[in-house]
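Heads up: the sequence lines are chains A and B, in that order. Per the numbering used here, residue 5 is the first one in the first sequence, and the count goes up by one each step. Per the numbering used here, residue 2 is the first one in the second sequence, and the count goes up by one each step.
Please note that a few of the clues may not be correct.
Just so you have them, the derived chain B footprint on chain A, three or more residues with Cβ under 8 Å [stated by the list, open to error]: (1) 26 to 33; (2) 122 to 136; (3) 179 to 187; (4) 199 to 210; (5) 247 to 261.
Calculated from the structure, these hints are not laboratory results. Glycine residues also receive a C-beta, built at the ideal position from the N, C-alpha and C atoms.
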Amino acid sequence: MQALFSHRLAVPLVIAALVVALSFALPSSFYLRVAALVWISAIAVIGLNLLMGYAGQVSLGHAGFFGLGAYAVAVLPAQFSLHPLLAALAGALVCGLIAFAVGRPILKLKGHYLAVATLGFGILIAMAISNESWLTGGPDGMPVSRMTLFGWRVRGAETWYWITGGLLVVGAWIAVNLVASPTGRALRALHDSEVAARVAGIDVARYKVRVFVISAVYASVAGSALALVNGFVTPETANFLHSIELVTMVVVGGMGSILGSVAGAAILVVLPQLLTTFHEYEHMLLGLMMMVIMIVLRSGIVPSLAALFQRRRK
Amino acid sequence: MAEFLQFCVSGLTVGAVYALVALGFTIIYNASDVVNFAQGEFVMIGGMATVFLTAAGVPLPLAALIAIAAAMVVGLALHRLAIEPARGASPVTLIIITIGASIFLRGLAQVVFDRQFHSLPSFSGDTPIQFGGAAILPQSFWVLAGAGIIVLALWAFFNRTLLGKAVLATAANRLAARLVGINTSFVVGFSFVVSAAIGAIAGILVTPITLTSYDIGTLLALKGFAAAMLGGMGNPLGAIVGGLAVGLLEAFGAGYLSSTYKDAIAFIVILGVLFVMPGGLFGRASVERV
Numbered sequence: 005m006q007a008l009f010s011h012r013l014a015v016p017l018v019i020a021a022l023v024v025a026l027s028f029a030l031p032s033s034f035y036l037r038v039a040a041l042v043w044i045s046a047i048a049v050i051g052l053n054l055l056m057g058y059a060g061q062v063s064l065g066h067a068g069f070f071g072l073g074a075y076a077v078a079v080l081p082a083q084f085s086l087h088p089l090l091a092a093l094a095g096a097l098v099c100g101l102i103a104f105a106v107g108r109p110i111l112k113l114k115g116h117y118l119a120v121a122t123l124g125f126g127i128l129i130a131m132a133i134s135n136e137s138w139l140t141g142g143p144d145g146m147p148v149s150r151m152t153l154f155g156w157r158v159r160g161a162e163t164w165y166w167i168t169g170g171l172l173v174v175g176a177w178i179a180v181n182l183v184a185s186p187t188g189r190a191l192r193a194l195h196d197s198e199v200a201a202r203v204a205g206i207d208v209a210r211y212k213v214r215v216f217v218i219s220a221v222y223a224s225v226a227g228s229a230l231a232l233v234n235g236f237v238t239p240e241t242a243n244f245l246h247s248i249e250l251v252t253m254v255v256v257g258g259m260g261s262i263l264g265s266v267a268g269a270a271i272l273v274v275l276p277q278l279l280t281t282f283h284e285y286e287h288m289l290l291g292l293m294m295m296v297i298m299i300v301l302r303s304g305i306v307p308s309l310a311a312l313f314q315r316r317r318k
Numbered sequence: 002m003a004e005f006l007q008f009c010v011s012g013l014t015v016g017a018v019y020a021l022v023a024l025g026f027t028i029i030y031n032a033s034d035v036v037n038f039a040q041g042e043f044v045m046i047g048g049m050a051t052v053f054l055t056a057a058g059v060p061l062p063l064a065a066l067i068a069i070a071a072a073m074v075v076g077l078a079l080h081r082l083a084i085e086p087a088r089g090a091s092p093v094t095l096i097i098i099t100i101g102a103s104i105f106l107r108g109l110a111q112v113v114f115d116r117q118f119h120s121l122p123s124f125s126g127d128t129p130i131q132f133g134g135a136a137i138l139p140q141s142f143w144v145l146a147g148a149g150i151i152v153l154a155l156w157a158f159f160n161r162t163l164l165g166k167a168v169l170a171t172a173a174n175r176l177a178a179r180l181v182g183i184n185t186s187f188v189v190g191f192s193f194v195v196s197a198a199i200g201a202i203a204g205i206l207v208t209p210i211t212l213t214s215y216d217i218g219t220l221l222a223l224k225g226f227a228a229a230m231l232g233g234m235g236n237p238l239g240a241i242v243g244g245l246a247v248g249l250l251e252a253f254g255a256g257y258l259s260s261t262y263k264d265a266i267a268f269i270v271i272l273g274v275l276f277v278m279p280g281g282l283f284g285r286a287s288v289e290r291v
C-alpha cells in the first residue's frame, strides 16, 4: 500500500482518476466548465508550487506569465493568423525566454526583496497589456477566435473539460518526474540551505533560474488554455490580485504537494462561484475566507490531512 | 525651469503620502516581521470616513479625529483577530492574511460607504500660490507639513519616551525584549495602531488633491511597499527617502516621458536599483529575514 502510494505514477494517476470520476458525477455543462477552470488554475499552481514549495522562492508576479500566455493565443491568431496551438507554443517560449532573462538578477534577491521584485515585474507586464490597446484591446480585453483542429471546431464545456483535464495530468506527470530527478533534488537542497547546496557542488543560480523558467511555462500554458476556453481575455488575468490568488492556491493546498495544488485550485475557484450569490458582500467574504483558511490551515490542506492520517495509523 | 519646479512640488506631495505609507510598513515590519498589505486601506479609511462624516454635518477637524480613531480601531482589530492567531506562520502565509484583510476591508468600505469617488474641500482655499513660475496648491503645503510633523513626532517618540524605546527594543530582539520585561504582544499591537493612525492622517491630508474611493488602497500599498524596499526594508529613513523618490519619479516620468506609464517608471527604477543593490538604498547587505 505504502509502496503503491509512493510510486512516481501515483499522483498523476490519482488526478486522472479524479478527472474521469468527476465527468460522471457532474450534472450539467456549467459544472463541467467550472471543473475545467479548476484544472487550468491547477496547471499554473503546480508550476508555481515547483518554484515556491520545492525551491523555496516566492513569486508575487506569476499572473504576468499567465497573462502573456492568454494574450498570445488572442493576439497572434488575430494579427498574424497563426494557429492557436502554435500561438500557445510561442507564448510559452516567450515566457520561458523572459523568465530566463530576468531570472538571474531577480532570483539573486531574497525574502521580501524577491517578493517586491517579482511583484514589480508582474505589474509591468499587466500595465503593458492594459495600456497597449492597439494590440490588446486595452482594459476592455479582446475576443479569442475559436480553435479548429483538423477542420473540427473545438467547443463546448465537455470537450474543454477533457482537454484541460488531460493537460493537467500531463503537467502533474512532468512535475513529479522533475521532482524525482537530480534537478528536483538540487532544488530541495537549495531550499533547505543555499550555502550547503553550494558546498555540495550545486550551481544554485542555474537551478533557481531553471525552475523559474519551468514555472513560467506552466503559467503561460494555463493562461493560453483559459483564453481558449473563455473565448475572451481581459487584463485581469495578468494583474496583481490574480498573482496573489495563485500564491494563495499554492499555500492553501500545501507547499511542495502536487495533489495539494489541485486541491488549492479547486477551493479558490469553486468558493468564489458560491460567493457570487452574496453580491455586494462577495469581496468581504472572499477576504474573510482567505484569512480564516490561512490561520486555520497554515501548512496547507493536503499536508495537514496527511499528518492527521499518519497520526491516526500510529 | 517653472515646469521642473511644478513637477518637483507635485512629486514631493504624492511622495510624502507614499513615504507615510512606507513608514507605516516599516513600523509594523520592525515590530513583528509582518509585511502589512492592508496599509493602503488605512489611508482609504481615513479619507472615506472623513468625507462621509463631513457630509453628515460633522465639522472637519472633529470628523478627521473620528476617522483617525476608526482607523486605529481597525488596526488593533487586524492585529488581534488576524495577525496574533497566526503567530509563527511563514512570511508568505502572513502576506496572504494581510492581503485577505485588505480585500475584506475594501469589501466592507463598499458596503458601509459606496463605490463613488469623493473629495474634501481644501483646508485653506484653492487659490494656487505662484512660486518661481510654478502654481502650488495650498493643500500641498498641508500634506508636506503634515508628513514633516509626523516624522518629527515619531522621531521624538522613539527616542524620548519609554514606550518608544520599548518598541525599538522589540524591533531589535524580541526575545531579549521579553526577558527585560517588555510586553511584546502589546508593543506589536501598538505598532499596528500607530501605523493605522499615520495612514489615516495621510489619507485625510491628500484627499482634497487626489480624491478617494473604496479601492485606492491596493495601489498605495504596492507603491508604499516598493518605496520601503527601495529604501531598504526596516529602515525608517529609507522609507521616507524611498517614498519621496517614488513620488518624484512618477511626477517626472509622467511629465517628461509618458503619463500612461508613470506607474511603470517607478517600478522599473525599483527593479534596477534592487538588481544593483540587493538590499535597497540604505539596506545592509546581510539583511535576510525569511
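Here is how each hint holds up against the structure:
1. 26 to 33: violated (count 0)
2. 122 to 136: Check passed, 8 qualifying residues.
3. 179 to 187: Coverage by chain B is violated for the segment 179 to 187 of chain A (0 residues, Cβ < 8 Å).
4. 199 to 210: violated (count 0)
5. 247 to 261: holds (count 4)
Of the numbered hints listed earlier, those contradicted by the structure are 1, 3, 4.
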